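Q: With these hints in hand, go ahead and build the complete structure from the sequences.
Sequence order for the protein chains is A and B. Here my numbering runs 6 ahead of the position in the first sequence, where the first position is 1. Here my numbering runs 6 ahead of the position in the second sequence, where the first position is 1.
By construction, these hints were calculated from the structure, which means they are not laboratory data. Watch out, some of these pointers could steer you wrong.
Said to hold, decoys possible - Label pairs and their in silico Cβ distance ranges:
hint, chain 1, residue 1, chain 2, residue 2, range
1, B, A64, A, E20, 23 to 29 Å
2, A, R47, B, E96, 34 to 40 Å
3, B, T106, A, A104, 46 to 52 Å
4, A, T68, B, T46, 19 to 25 Å
Just so it is clear, the structure is predicted and the values come from calculations on it, not from any experiment. For every residue, glycine included, the Cβ atom is placed at its ideal position computed from N, Cα and C.
2 protein chains.
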Amino acid sequence: MPISKRLRGRQDAELVGLVFALTDALQHRFETVAAEHGLTRQQATLLGHLEEPQPMSALAGTLHRVASNVTGLVDRLERQGLVERRRASEDRRVILIAATDAGRELYGRFETALYRADLPFAALSDEESDALRALLRALV
Amino acid sequence: MPISKRLRGRQDAELVGLVFALTDALQHRFETVAAEHGLTRQQATLLGHLEEPQPMSALAGTLHRVASNVTGLVDRLERQGLVERRRASEDRRVILIAATDAGRELYGRFETALYRADLPFAALSDEESDALRALLRALV
DNA sequence: CACAGATAGTTGATGATCTGAAGTAGTTGG
DNA sequence: CCAACTACTTCAGATCATCAACTATCTGTG
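A: Next comes the structure, spelled out in structure tokens:
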């Protein structure tokens with residue numbers, strides 16, 4: 007096996023390890039901030055996809071969950087008054103999930119807290135921040 | 007508000023958005039590969055921390071979960087024969103969780119599948135990969 | 001138009017995850 | 001010795017997640 011190949015493999019492993027470490031830290035932060043706002047990870051994630059009203063099936067696709075799971079998530083958010091169900095007029099089988107004013111307001115506060123300056127990215131210089139953004143755009 | 011400040015703020019938001027998008031994608035991949043190996047996300051994560059046997063309390067700390075939660079996770083992994091409980095000799099209150107041979111073998115296969123070449127990082131050139139690694143080291 | 005088949009969503013059963021409160025067993029310091 | 005502390009478990013209750021079976025609606029084909 008050529009050395010360059012071995013090296014790239016080892017470096018890739020480090021890269022993946024770094025990204026998973028960052029992922030873990032951000033997931034934990036997301037959960038903590040969500041809990042501080044009375045939301046679970048799943049509820050906050052769902053609310054974050056309601057800039058526009060969405061059919062149940064679209065949410066199920068985005069969240070990588072089966073429809074009956076989303077039914078339960080929406081039930082609990084609806085009980086808290088954060089989202090509402092609207093029957094779509096074009097296709098009356100479809101139910102559109104829309105954030106209520108309370109839901110939008112709560113999500114806004116959550117997002118502000120989540121993105122606050124104590125995120126690790128604040129440690130980067132402008133140049134580093136630019137470079138990282140460019141690299142991540144290629145990955146996502 | 008100075009323009010540079012505003013710009014940096016907007017760019018930071020994009021950066022955070024990119025990282026969260028990457029996080030989502032990796033989380034989903036992690037879950038999918040874990041399921042293909044008969045593991046939940048939590049079980050695979052726990053197994054990944056058992057290179058050395060660990061006390062319950064250490065696992066609870068690492069996973070950011072309360073002790074009683076880890077008790078349940080270990081129960082289910084033990085039932086599958088993937089980990090075992092060992093009473094620590096120095097302090098007999100402590101229970102060390104150790105991966106069994108079957109657990110190590112399964113986790114190895116899981117990890118191999120998880121890190122397979124279809125991770126998005128393969129798209130990066132050597133130079134980009136180096137740059138990204140350097141940036142992430144500063145963050146983690 | 002009729003109606004079989006497909007699609008959107010819900011319901012109910014079951015199991016995993018997660019927490020908090022209360023309990024057991026072992027340890028430690030005064 | 002023993003009160004306070006620590007490590008872990010147990011139990012009750014909530015959320016999350018899936019599957020199978022169901023209702024309601026829509027669509028295409030004859």
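Q: With reference to the structure, classify each hint as holding or not holding.
A: Now the hints, each set against the structure:
no. : hint                        : result
1   : B/A64 / A/E20: 23 to 29 Å   : 24 Å, holds
2   : A/R47 / B/E96: 34 to 40 Å   : 37 Å, holds
3   : B/T106 / A/A104: 46 to 52 Å : 50 Å, holds
4   : A/T68 / B/T46: 19 to 25 Å   : 21 Å, holds
The earlier numbered hints are all upheld by this structure, with none contradicted.
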